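Turn these sequences into a full structure, and let the hints guide you.
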Amino acid sequence: MAELLANWLDFLPPEAIGALIDLVAIVAVTVVVILCVAYATYLERKVIGFMQLRQGPNRVGFRGLLQPFADVLKLLVKEIVIPGRANRWLFLTAPVLALVPALAAWAVVPLFPGFAVADLNAGLLYLLAMTSLGIYGIILAGWASNSKYALLGAMRSAAQMVAYEIAMGFALVGVLMAAGSLNLGVIVEKQAGGVGNWFILPLLPLFLVYFISGIAETNRAPFDVAEGESEIVAGFHVEYGGATFAMFFLAEYANMILIATLTAVLFLGGWDSPFAGLIDRQWPVVGILAAPGLFWLAAKTFLFLFVFLWLRATFPRYRYDQIMRLGWKVFIPVTLVWIGVEAVLSVLDIGPFK
Amino acid sequence: MQQIPEIFPLILFYGWSGLLIAAAVGVITARNPVHSVLLLVLCFVISAAIWLLLRAEFLAVALVLVYVGAVMVLLLFVVMMLDINVERMREGLTRYAPLGVLVGLLLAAQLSSVWWLRRSGLEIAAPADSLAFEEGNTQALGTLLYTEHLYAFEIAGYILLLAIIGAITLTLRRRKGLRVQQVSEQVAVRPESRVRLVKMKTERDE
Chain D
413 MAELLANWLD
423 FLPPEAIGAL
433 IDLVAIVAVT
443 VVVILCVAYA
453 TYLERKVIGF
463 MQLRQGPNRV
473 GFRGLLQPFA
483 DVLKLLVKEI
493 VIPGRANRWL
503 FLTAPVLALV
513 PALAAWAVVP
523 LFPGFAVADL
533 NAGLLYLLAM
543 TSLGIYGIIL
553 AGWASNSKYA
563 LLGAMRSAAQ
573 MVAYEIAMGF
583 ALVGVLMAAG
593 SLNLGVIVEK
603 QAGGVGNWFI
613 LPLLPLFLVY
623 FISGIAETNR
633 APFDVAEGES
643 EIVAGFHVEY
653 GGATFAMFFL
663 AEYANMILIA
673 TLTAVLFLGG
683 WDSPFAGLID
693 RQWPVVGILA
703 APGLFWLAAK
713 TFLFLFVFLW
723 LRATFPRYRY
733 DQIMRLGWKV
743 FIPVTLVWIG
753 VEAVLSVLDI
763 GPFK
Chain B
173 MQQIPEIFPL
183 ILFYGWSGLL
193 IAAAVGVITA
203 RNPVHSVLLL
213 VLCFVISAAI
223 WLLLRAEFLA
233 VALVLVYVGA
243 VMVLLLFVVM
253 MLDINVERMR
263 EGLTRYAPLG
273 VLVGLLLAAQ
283 LSSVWWLRRS
293 GLEIAAPADS
303 LAFEEGNTQA
313 LGTLLYTEHL
323 YAFEIAGYIL
333 LLAIIGAITL
343 TLRRRKGLRV
353 QQVSEQVAVR
363 PESRVRLVKM
373 KTERDE
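Protein chains in written order, with this note's numbering: chain D, 413 to 766; chain B, 173 to 378.
Honestly, the hints are just simulated from the structure, not real lab data. Source: prediction; values computed, not measured. Do not rely on the hints blindly, as some may be mistaken.
Incomplete in silico selection of chain B near chain D, CB under 10 angstroms [said to hold, decoys possible]: (1) 191; (2) 207; (3) 232; (4) 241; (5) 244; (6) 248; (7) 249; (8) 253; (9) 311.
Distance windows between CB atoms, simulated [stated by the list, open to error]: (10) D:620 x B:362: 22 to 30 angstroms; (11) B:250 x D:495: 44 to 52 angstroms; (12) D:642 x B:375: 37 to 45 angstroms; (13) D:642 x B:362: 27 to 35 angstroms; (14) D:440 x B:362: 23 to 31 angstroms.
Far from chain B, by Cβ distances over 10 angstroms, these chain D residues were calculated [claimed, not checked]: (15) 451; (16) 469; (17) 563; (18) 594; (19) 644; (20) 661; (21) 745; (22) 755.
For each residue, glycine too, the CB sits at the ideal point set by N, CA and C.
Structure representation (structure tokens):
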């Protein structure tokens, strides 16, 4: 594909072709992520609908399949209302600041063997940096709206994200100790060869901490005190409507899919097949199940995305002080202890830590 | 490796440097303190970009992660909570102006001394040859920190640990008579200890 493009454009200087290929990759990944976001909203409404014995959206298109596009159209044509005493400039910048890190983080995610938009050596650090930037959009939205509900939501969200980011960072430290690399592609390759080589078993506590912190970090139920409809209306985005609200929505779902994908990449072997150790690639018909590919990453991501929705339909909202206790007093000690255990095991060459 | 024309990094460097200086000027001239904090964030991000030009990817990402992602968030948090009256802050201007001018002059003297040392041919620091590391500079930095500079690194770690403990002890107050929830007791609760089921006849037999 890339070679074909390079041949076709050989009248351009080589740097320009490189830049063009990168641009195509960026646009492709972004478009796919945005489409996934659109259908994640449909999935959420359907799944929670079935869990609550309802139909979910079923009017627009076949079984409601066109519902996301109807929603987007509605949000885009709505008027953007800017509150009178809001800080106009920051009010309009905040949704962009929420959305950009959520999309930029996708740059280092290895989607299938040998492909990531940017194959950074410090990929894991880049991810941490990008996910920690998303908080600016929320704080600024809360402050610039000049509304007390929005400010309360922003404060809650900021405290929560700062608390869970630390546990998340420590969980990632465990992953990079096991893989011996910060490069996400290398981390996936280290887990190649079936379920037994995945990091989920040796790093089970870190896996749980990472995924639950990820839910807290994206402000999803049961950690959605930043929105808390019953207490502070809609939290940091009370004053937003139309396209600006759509951007917050897009950022939240892009982050959700990102966390689901990263959990799959870091702990479940990314694009690696779960049957890789069991089935020989040369076998007829079933051999194809052992091949690594985007399909496996998508399947694992879908699994975690489903858990996100399942949790939302199942659990009531956490109380604020319980959220703080879970983050600071439970998760951080758990990760610290497991990093210590891992260090001792890897020094003694026990188990999968070599 | 792609061949990048020499002029391109130069354009990026001067463009970003110009933006950096403009943002830094903005930090001290913005009327709204929240705008100042955001311009400071912009300064950090541009500095990270300039470090990326030097291929110091670890430093660049760490700068964004630590300063933009953590320190500035807390600073922004504090600034938003402050009720700042710009008029009242102006009052002290004439009183503190001499001190400000003094500090400014000292900074200018320091900067010009660096420039002067460079002019007199003294080599202050050799530019890092970051391309020499095949494994990427994250690994190179780690190897250096944990071998050659191990003691300095560990001492810095202990100082930070002490600072954390100090900060916690300073803010920790044990107040008497505070009704705190005992989470372990809450978790250990069984229905039998809270609810007594009583069998009763619903109606009297007639």
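Query raised in the report: In terms of Cβ atoms, is chain B entirely out of 10 angstroms range of residue 661 of chain D?
Result: 22 angstroms, holds
Report task. Go through the hint on residue 253 of chain B and say holds or violated, using the shortest Cβ distance to chain D against 10 angstroms. Result -> 8 angstroms, holds
Query - Outcome for the supplied range 37 to 45 angstroms, where the beta carbon pair is residue 642 of chain D and residue 375 of chain B - result: At 41 angstroms between Cβs, range holds.
Query raised in the report: Has the hinted range 27 to 35 angstroms been met by the Cβ atoms of residue 642 of chain D and residue 362 of chain B?
Result: Given a distance of about 30 angstroms, which is inside 27 to 35 angstroms, the answer is holds.
Query raised in the report: How does the Cβ-Cβ distance of residue 620 of chain D and residue 362 of chain B compare with 22 to 30 angstroms: does it lie in that range?
Result: 26 angstroms, holds
Query - Supplied contact hint for residue 241 of chain B, tested at 10 angstroms Cβ to chain D - result: Constraint on residue 241 of chain B satisfied, holds at 3 angstroms.
Query raised in the report: Can we keep the residue 191 of chain B interface hint, with Cβ of chain D closer than 10 angstroms?
Result: Violated, about 17 angstroms.
Query raised in the report: Is the shortest C-beta separation between residue 249 of chain B and chain D less than 10 angstroms?
Result: Result: holds, 6 angstroms to nearest chain D Cβ.
Query raised in the report: For residue 469 of chain D, is the shortest beta carbon distance to chain B beyond 10 angstroms?
Result: About 37 angstroms separates residue 469 of chain D from the closest Cβ of chain B, which puts it past 10 angstroms; holds.
**Report entry** Interface restraint verdict for residue 248 of chain B against chain D (beta-carbon cut-off 10 angstroms)
**Finding:** For residue 248 of chain B, the interface hint holds, since the closest Cβ of chain D sits about 6 angstroms away, which is under 10 angstroms.
Query raised in the report: Can residue 207 of chain B be said to touch chain D, with a Cβ gap under 10 angstroms?
Result: Because about 8 angstroms separates residue 207 of chain B from the closest Cβ in chain D, which is inside the 10 angstroms limit, the hint holds.
Query raised in the report: Regarding the hint that residue 232 of chain B lies at the interface with chain D, is the smallest CB-CB distance below 10 angstroms?
Result: 9 angstroms, holds
Violation of the numbered hints given earlier is confined to hints 1, 11, 14, 17 and 18; the remaining hints are satisfied by the structure.
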